[in-house]
Each structure stands twice: as C-alpha cells, then as structure tokens.
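Student: Read top to bottom, the protein sequences are chains X and L.
Letter by letter, the first sequence follows residues 50 to 393 of the numbering used here.
Letter by letter, the second sequence follows residues 50 to 393 of the numbering used here.
Hint data in this document are derived by calculation from the structure and do not stem from the laboratory.
Remember, predicted model here, so these are calculated numbers, not experimental data.
A couple of the hints might just be wrong.
When chains are identical, the list treats them as one kind, so a pair holds in a single copy or across two.
Capping the alpha-carbon separation at 30 angstroms, the derived lysine-lysine pairs in DSBU-like fashion look like this [claimed, not checked]:
1) Lys55 with Lys204
2) Lys285 with Lys233
3) Lys163 with Lys95
4) Lys163 with Lys87
5) Lys390 with Lys335
6) Lys63 with Lys95
There are 2 protein chains.
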Amino acid sequence: MRQKEKVTIYDISKKLNISAATVSRALNDSNRVSLKTKELVLKTAKALNYQQNALALALKSGRTFNVGVVVPYINHTFFASVIRGIEEELEPKGYHVIICQSHEDVNNEAKQLKTLLNTHIDGIFISVSKTTEDVKHIEEVRDEGIPLIFFDRKKDISGVSSVTINDYEGAYNATTHLIEQGYKKIAHIGGDHKLQIYKHRYDGYVAALNDHNIAIDENLIMQVSSTVEAGIEAVKLLMKRKIAFDALFSASDYVALGGMRELRAHGFKIPEDIGVVGFSNEPFTKYLERPLTTVGQTPVLMGQIAAQVFLEQISDVKKNVQVEKKVVLSPELYTRDTSSKKGS
Amino acid sequence: MRQKEKVTIYDISKKLNISAATVSRALNDSNRVSLKTKELVLKTAKALNYQQNALALALKSGRTFNVGVVVPYINHTFFASVIRGIEEELEPKGYHVIICQSHEDVNNEAKQLKTLLNTHIDGIFISVSKTTEDVKHIEEVRDEGIPLIFFDRKKDISGVSSVTINDYEGAYNATTHLIEQGYKKIAHIGGDHKLQIYKHRYDGYVAALNDHNIAIDENLIMQVSSTVEAGIEAVKLLMKRKIAFDALFSASDYVALGGMRELRAHGFKIPEDIGVVGFSNEPFTKYLERPLTTVGQTPVLMGQIAAQVFLEQISDVKKNVQVEKKVVLSPELYTRDTSSKKGS
DNA sequence: TTGTACGCGTTATCAT
DNA sequence: ATGATAACGCGTACAA
Chain X
50 MRQKEKVTIY DISKKLNISA ATVSRALNDS NRVSLKTKEL VLKTAKALNY
100 QQNALALALK SGRTFNVGVV VPYINHTFFA SVIRGIEEEL EPKGYHVIIC
150 QSHEDVNNEA KQLKTLLNTH IDGIFISVSK TTEDVKHIEE VRDEGIPLIF
200 FDRKKDISGV SSVTINDYEG AYNATTHLIE QGYKKIAHIG GDHKLQIYKH
250 RYDGYVAALN DHNIAIDENL IMQVSSTVEA GIEAVKLLMK RKIAFDALFS
300 ASDYVALGGM RELRAHGFKI PEDIGVVGFS NEPFTKYLER PLTTVGQTPV
350 LMGQIAAQVF LEQISDVKKN VQVEKKVVLS PELYTRDTSS KKGS
Chain L
50 MRQKEKVTIY DISKKLNISA ATVSRALNDS NRVSLKTKEL VLKTAKALNY
100 QQNALALALK SGRTFNVGVV VPYINHTFFA SVIRGIEEEL EPKGYHVIIC
150 QSHEDVNNEA KQLKTLLNTH IDGIFISVSK TTEDVKHIEE VRDEGIPLIF
200 FDRKKDISGV SSVTINDYEG AYNATTHLIE QGYKKIAHIG GDHKLQIYKH
250 RYDGYVAALN DHNIAIDENL IMQVSSTVEA GIEAVKLLMK RKIAFDALFS
300 ASDYVALGGM RELRAHGFKI PEDIGVVGFS NEPFTKYLER PLTTVGQTPV
350 LMGQIAAQVF LEQISDVKKN VQVEKKVVLS PELYTRDTSS KKGS
C-alpha cells in the first residue's frame, strides 16, 4: 500500500481560487485576512482533512516542537516519573517528548545527544550517566545554543540550568532517623561519587553521624552500583570484614533490597537486629513483606519544574539573555517498617 | 545565546567553487562524481563540520528514519525491555526511536498516534491500551500506509503484523505446575478480557484445570487491573466470599505481590498454605523475601523480532506487496519459592 | 563529470 | 485584503 497523498495549502488554495499565502495566513489566524475568507479556508481545510506538515514548518521556522530527554534507563520508576512530569507540562504547549536512554554509558549518551541535535529538537533534558566524566558532548549542545536542562544527576557546567533534589538533606534526615531509633553503628552503601547525588548522600550521612558524635568507620562505607545484585555483594563483603553494624543506610532501594536479602540469609532480623533505610521510594518498597523506609524525591514535580525552566529559557533566548537557573527540591522521608528498632 | 549557524552543502560548494549538486552527489557517494572531487568534498565537509540537515532530507525524501513506539507505560520493565530490543535492532540501521505513553487511555493513544503521524515517522510499534476497544485510530495509521506492528497487546486488524507471546501456553504451564505441586483449589486473578493477553491467560488456566479434571469455580476468578493495590483488593474480596482456595495464579506480578501481602495479613503462609504464581518475571520478583514463581516473556527478543518484521515490511512496501506477519513466542516458567507446597 | 533548475510544504516579504 | 515570490536545505532529472 502506498502512502496516502497529503493535502497541502495549495490544494485548499486551488479549491478556493485564492493564493497559498492567503491560505497560510488564514490558517495562522493572521489579522491581515478578511473574516470571510478566513472562515472559508478553515471550513474547507477541515473538509479536506488538512494537516499541517510539521517537517516543512520545522525546516522553515527552525522549531520542531520536539524536546529530547536523555536518561540512564527508562524503566527506573524515578526517571519514568520525571518524564511524566515533563510531558504533563509540555504537551499542552504543543511539544512532543523524545525519550532516549544512555544505559549508563557516556558514549551512548554522546551519540544520543548528537542524534537529538540532528533531529533538530528545541531543547534537551538530561540526567547524566554514571560514566560521564568528560562533558565535551554536553558543552557542545550548550554551544549550539540549544536550551539544556539537567535534572537529578547534573554536572557543573556554566550556562546550564538544573533541577535537583537536596540529596544531602535526604541522607542527613534518613541517617538521623536511624540514630533516633536507637541504632548506633550505621553502615552506608552508597553509589559512585563521580555522580554528585551519591557524593551528597554520603556527605549527608557523614554530617548526621558527626552531629550526633558518632565516629565514622570507613570500613562500613562502600560505593557500589544501584542494583539488587550489588546490594547482595556489598553485604557479603561487609560480613566478611566482620565489623559489626546494626543499621544500613543505602543510597538505592535496589541495593537495600539486595542487602536485606543477604542480611536475612545470615540470620539477621530486620528491623530488630539491623535497621535499613533506602533511597528513592520505588513503588515496590511499599509492598515488601516488611515495607522499606526510604527517601522520596517527588520526581513528577521535578519534571514539571524542569519543563517550566525550559519554557522560561526559550522565552529568554528571544531576549538574548542567558540564564542559569538552579532549582533544588526537598526530599521526604517515608518511615516504614524496616527502621523501627523495637519492631513494628 | 543564538543558534550557531549550520553549514550547508552550499557553504561547501562555494568554498570549492563547484555546484551544490555536485557536493550532494559526492556526499551520497554517487558514481557520477570524479574520485578527486569526491575526496575533496568529503575532506572539506569534515573540516567545516558539516552535518546533513535531517529535516530537509525528510521533507525531500519523505523518510525521517524515526519510528514511534506506543506503550501503556514506559516504567514497566516488560515494555522497557521490548523497547530496548527494538532499539538494539534498529539503531544500527540508522533509525531513532520515539517513545510515547498512552497511560492506558484510548484517547491518549489516539492522540499519540496522531502526533507520530504528524512527525512523519517511518513506522509504528504499538501495544494497545487497556481501554482500546474502538480501533479507528489504529486503522487510520494502517490506511495512511505507515508500517504498523503490534507487540504483546494486539487487536485483530487485517493488514497489521504482530509479535506476541503464547499467553495461553504460559498460563496453562503455570496452572499445571501448581496442580502438580499438589494444590487443588486454584484461584485466578486475571486482567480485563478486553485485552487478548488476559483472555488467553484465562483460557490457559481453565484448560489446565479441565485437563486435570478440576472443576472451575467462577467465584475464584476475577478480572482486575495490573497493580499492587488491585491485588490487595482482590484478595480482600476473595476472603469476604469465604470460599477456600489453596493457590493463586495471577496474570500480573504486581497483583501477585499485593495478593501475597493481603494473604499474609490474614495469617496464611506462602507457599505452605497457599501457593502463588505471577506473570511477567518483573525484576523484583526474584528478590522478594520469598522469590515469586512467575511466567517469563523474553521481551527483548520480542522487540528485536518486531523490529525485524518492520524492516521486512518497509522493503516489501517497495515491492507493493502487503504482508501480515504473525509471530508468537513461547513463554518460560520460572519456578521459585512461592509455589512449592512443602516449602523450600 | 558537472551544472541548472525544480520541488518537497510552509511562511515572510514585498508588492498590489 | 490578497497575490507573487523567495527562502529553509536537500536530492535529482535534465541539460551540457
């Protein structure tokens, strides 16, 4: 089956014996067309089922009304929710969201950015991959003059806006909560400090211990990737070190899940023997046999705000001002079963 | 900051004092250009950092090398994995994947399809929403001559290819497994039969019971949505009916998770008192305190095959043949803790 | 082998 | 208020 041939403004102009220019003006609701012809054009456009050719418009105007979002993985609830927030905010304005995955690989990330630029998107939202150290590919986007917004995982690049959450605060509150519950020796399985979010969570953890006069034990601190398997391995290693601890603050719900599994395998009861707090409030955490205490991040809101920043930015571009806006959201601790020392 | 101005084939042509046409031919490796000028063009193109304008090309050729994927939700591991499979297969061929969510809403689905058509994609992959009954919007895509491929959740529409898994077989095997483990009274919390997958899973469940001479009890069969909350509610209802059962086959891992939670709340032990089998092999199922027996679906493979079907299809279009290919994959049962009557 | 000219569908500019 | 024309960047049929 061959493509159905599209109707253009020329078809309308021929039918009405007017010029294509007039049709264009009428369709764009210009005030330089008589009301009569305007109505006529609109009517026949509808009758012929006219659809504006977005490609031609984009070629002409330079705007595609597409924006790109680059995330490590789309199947993480957190990222999916941020995307949802962006969509909610931008769809009413006529924008379409193109979603790309970096799979935590810088090369992939660079490639996706290149493809997006080539697709002539109007803006890019990005949460950088774990392996992103060199940021040349990101600066290139900025230098092209494409509005660029970091969310959650950012790099410090001048001229780029960002929307993040206060990871420090989230970690501080989570750790303090464990201390207040009576746990004394708190391990921290975090993520790679190359990502600011994990560094900040580590800092929050350390600050909370300091503020409560608890000594930091480097043997109880690890950096692993955000997977269930990594959580299992981390606890195995902790066990091998034979350094007792009675609580675990993880920078990832997945790691916490794996960690709890391994702790139970060693005969520990949660939360009686060992308290556990995760990070992200992934949906499954709420429905575990022992619901997991975790730090929630309002990802939908993050997406909405990122989108708003984008919209501001493109209006600023017109004014030839360059802004660099930094929004930081507050996290919230969800206190559930795994962190109350006396059991629940 | 204003957009950096792009270099075009005209810039190259001016620099080399040749026509733009020759540049175009050289860049497209036509054999109607001398080797010398070809090399020259390629060199200066690289020097000027020339990037082909995808928009202009698309306007001219009618092909964008973009394909659209419409799924209910991107944060379901199953759909995310299918998308991964499509990407893997299509990216090497130069295609870019645009991901859309219907949020299980037919109107949204129709809107997304319309937007995709307007973006001039080269093909569409779709897993229909739960609320999709009227398929006019899908037939419209087909009638536009855009290659269209269903995956997992399909509708019977002539001229549309599909890649699905054998849900009947998966359910039959899961139910048979429970029977062989010694469970006698097996409840089934399925999904809305408007979706073929859930109807087929129901059919497989019924067939397995029949083949083992177990009577069907309609009171033990429900249709709910695929969420943890729905699983909780469903088991609550089952309890209220006061009809004993010793196993639960759910058409969704999320429902199984909620169901188990509620069963435990009523004092039942899993799997000793009640055996449970889910469907989809979501990642979390493996790491629960009691790992969940579930039916796995090879979603990445499904995506790869769907992409291959698409590639075949576009080559067939050239030959003006219309094909309708139906691929059915086999599911696999992952036997874990929640279905062994004696405990593990 | 290379150049000229046109068209893809739209909007903006300049006339009328 | 409307029309003619150029331009966005590219590929290609036709001419040279």
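Student: With reference to the structure, classify each hint as holding or not holding.
Tutor: A quick look at each hint next to the structure:
Taking the closest pair of Cα atoms, Lys55 and Lys204 come within 30 angstroms of each other only across two copies (27 angstroms); inside a single copy the shortest separation is 45 angstroms, beyond that limit. Proximity of Lys285 and Lys233 under a CA criterion of 30 angstroms is satisfied intra-copy only: 21 angstroms inside one chain copy versus 40 angstroms between copies. Within a single copy, Lys163 and Lys95 get their C-alpha atoms only as close as 38 angstroms, which misses the 30 angstroms cut-off; across copies the closest is 15 angstroms, which meets it. In this assembly of identical chains, the alpha carbons of Lys163 and Lys87 lie at most 30 angstroms apart only when taken from different copies (25 angstroms versus 41 angstroms within one copy).
When the C-alpha separation of Lys390 and Lys335 is checked against a cutoff of 30 angstroms, the pair qualifies both within a copy, at 18 angstroms, and between copies, at 27 angstroms. Taking CA atoms no more than 30 angstroms apart as the test, Lys63 paired with Lys95 passes inside one copy only; the shortest distance there is 15 angstroms, against 44 angstroms between copies.
Comparing the model with each earlier hint shows no violations; every hint is respected.
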